[in-house]
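This is what each chain is made of:
Protein chains: 2
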Amino acid sequence: MARSLLFRTEDLSEYIVQFFVRHDITPKDAKIAADILLTADLRGVDSHGIIRLDTYYGTRLRKGLIDPHAPLSVVRETGTTLALDGGHGLGQIVGYTAMSRCIEKARQSGLAMTTVRNSNHYGIAGYYAMMALAQDMIGISFTNSQPLVAPTYGCKAMLGTNPIAVAVPSGKERPYVLDMATSIVPIGRITVYDKAGKPIPEGWGIDHEGKVTTNPKEVLDGGALMPLGGIDLMRGYKGYGLAMLVDIFSGVLAGSAFGDEVAQPSNNKPARVGHFFAAIRIDAFRPVEEFKQDMDHLIQMMKESPKAVGQERIYIHGEKEFEMAERRRSEGIPLLETVVDSLKASGQTVGLPFDLEVLGVIE
Amino acid sequence: MARSLLFRTEDLSEYIVQFFVRHDITPKDAKIAADILLTADLRGVDSHGIIRLDTYYGTRLRKGLIDPHAPLSVVRETGTTLALDGGHGLGQIVGYTAMSRCIEKARQSGLAMTTVRNSNHYGIAGYYAMMALAQDMIGISFTNSQPLVAPTYGCKAMLGTNPIAVAVPSGKERPYVLDMATSIVPIGRITVYDKAGKPIPEGWGIDHEGKVTTNPKEVLDGGALMPLGGIDLMRGYKGYGLAMLVDIFSGVLAGSAFGDEVAQPSNNKPARVGHFFAAIRIDAFRPVEEFKQDMDHLIQMMKESPKAVGQERIYIHGEKEFEMAERRRSEGIPLLETVVDSLKASGQTVGLPFDLEVLGVIE
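Quick note, the sequences are listed as chains Y and P, same order. Once you know that position 180 of the first sequence is 180 in our numbering, the rest is easy, because the numbers rise by one and skip nothing. Once you know that position 151 of the second sequence is 1151 in our numbering, the rest is easy, because the numbers rise by one and skip nothing.
Fair warning: there could be bad hints in the mix.
[Stated by the list, open to error] Derived DSS-like pairs: lysine-lysine, alpha-carbon spacing no greater than 27 Å straight-line: (1) Y/Lys63 <-> Y/Lys269; (2) Y/Lys156 <-> P/Lys1172; (3) Y/Lys320 <-> P/Lys1211.
[Claimed, not checked] One-sided and incomplete, this derived list gives chain Y residues near chain P with beta-carbon spacing under 10 Å: (4) Leu72; (5) Cys155; (6) Asp260.
[What the hints assert, rightly or not] Footprint (simulated), chain Y over chain P, 3 or more residues, beta carbon under 8 Å: (7) 1110-1123; (8) 1171-1180.
The hints are simulated quantities; they were obtained by calculation from the structure and are not laboratory data. Just so you know, even glycine gets a beta-carbon here, dropped at the ideal spot from N, CA and C.
Given the sequences, and given the hints that come with them, work out the whole structure.
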């Protein structure tokens, strides 16, 4: 493993806020964006955290592809639904505002759904779903993203890794938080194998002819990721169907880009990413306390069920991430040296030295 | 392949109606149930059609485990939500009524969700989702079912094959209809391999110790199905997460049974199956015509994208089933001779000979 340096969450947060403020984001919005990025790092979804600060956000802000002052405008609104136009704003701000308004509407109407067109990459989908938890609501968020996944029997990346995130409150147990790409693995996983010079497991990706390959370079170079399930025999068309589903809600219903028309963050054009949010009041269906007791019971049922040979523990979705976040909040967030180097480089570009105190080193 | 006999859809429908009427179901309800069962046969989901007429429905009706006159009662209701108690009625009637009322509510409010507790197996989930299509709505249906799937790292069946069905209207293209079990394959698929004395593909199921096995008997005899994705390396915990999601909406939110407490149809007790339905008005978000044009565009994008070597066609979800239904509607529905034999046997039990005209034989 490469060396990582440990940093305090608060220090990283303050740095990100300053970084965004330098890009003309208001301090209030910058704090929201920092919280969303660092929630990814805390939960162990390093690929969606501070590592993208400059590549996905800073660079696009400086090029004028993300509008720091984008006004979120209402396209259509009813008592239960809200269709928004993100105005090419920062995905995190757009997403946070859209989910906040969705929750507000659900408070009034029991249910609400919000779509967003013309946004940018918004970080981890799970953040927005989890916003509903404190309100005793179920939260849902989908987003489409740049094409990386081939449809079953296809060989070209036509769909994003289009995540599904659903957060459900529980009682004594930790909440259930599903936050899953609809591909088997994200593209970053393939890059990790490529950099390490190792073959990828058979079934994660295909080459430019649509053949399953274990060579990460062939996936990265004109190939594609496989949808959840993998090959046809293992029912990969279900993962392909889920990726389509997310694109229908986030792209088509929102009136945003979809399919392979969603732009890469590195493209010099508006990304036109679309998002979908939903909030559901538990008490519209049954008393909250009863629901939470049953959630605890369902969770315990799974965790206490017999383990496979060689296994000691069954996990609930989100559980590993909650534990990771607790650990990292006390011990610090580890950033790979290469990530620290790139933060130093981008910091220099914008005149904001990345010189935070290092709490420790992990070899 | 075993021999199949071909029957007219109308003849089978009339037979099913008579069969249910003999079990004290009203003719109106019997017609609905027949339509739902035969929609499965027409679409090629033979496992969920007439094959179950007696095992899942007739037998349970005669034992008093399904109440033919169950009144659907309202547990809780708001302008957008409806929590129903199915009163241990026939799953198809409960499901049809619940989705009809969900659609009616969505017509008023833009969105609606309906849960049902204390129901029985309701057939194919896709039928209820598709009910929304003619209303220019997106339809969603989930149901939980008897335990057949082990959680990741577990070895005991704790969750049903809990399907996700979503139907979305399109313009010139056929609608998108996702109707997928959250396991890799249904249990019936394992039985087919077992009867044929063939090994199952590696990854579909595990034995009683949680080890992946290719012996179908080991899956059937105290083992379990694997969730979509399969083993951990291929991200089977995502399929496990989706199965949990369906159980949370259908079981926990509905206040019905969940996890391994949902009874097998062959058990001598109420199944307490739970369902979830949602309907979403397209025009709450954007003009229906624009939406349909974009759906067509998304569908064409996929279908016209480059094919993998050796493949000639990319499918959209539901497409194969729509084509199959057209063919079977004109050529007849094929029933395996063993299925015909069991229909004859159950027909004799209830004094309703199964002696329909055979249109042809498929060897």
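Cross-check of the supplied hints:
1. As the CA atoms of lysine 63 of chain Y and lysine 269 of chain Y are separated by approximately 9 Å, the hinted pair is consistent with the 27 Å bound.
2. Only pairs whose Cα atoms come within 27 Å are accepted, and lysine 156 of chain Y paired with lysine 1172 of chain P is accepted, the gap being roughly 24 Å.
3. For a cut-off of 27 Å, the pair hint linking lysine 320 of chain Y to lysine 1211 of chain P stands: about 23 Å separates their Cα positions.
4. Violation of the interface hint for leucine 72 of chain Y is found here, the shortest Cβ-Cβ separation to chain P being roughly 16 Å, above the 10 Å cut-off.
5. Hint on cysteine 155 of chain Y holds. Least Cβ distance to chain P is approximately 4 Å, under the 10 Å limit.
6. For the restraint placing aspartate 260 of chain Y at the interface with chain P, the shortest Cβ-Cβ distance is roughly 7 Å, inside the 10 Å limit, so the hint holds.
7. Using a Cβ-Cβ cut-off of 8 Å, 5 residues of the region 1110-1123 of chain P lie near chain Y, which meets the minimum of three, so the contact claim holds.
8. Check result for the region 1171-1180 of chain P against chain Y: holds, 3 residues qualifying (beta carbon to beta carbon below 8 Å, three or more required).
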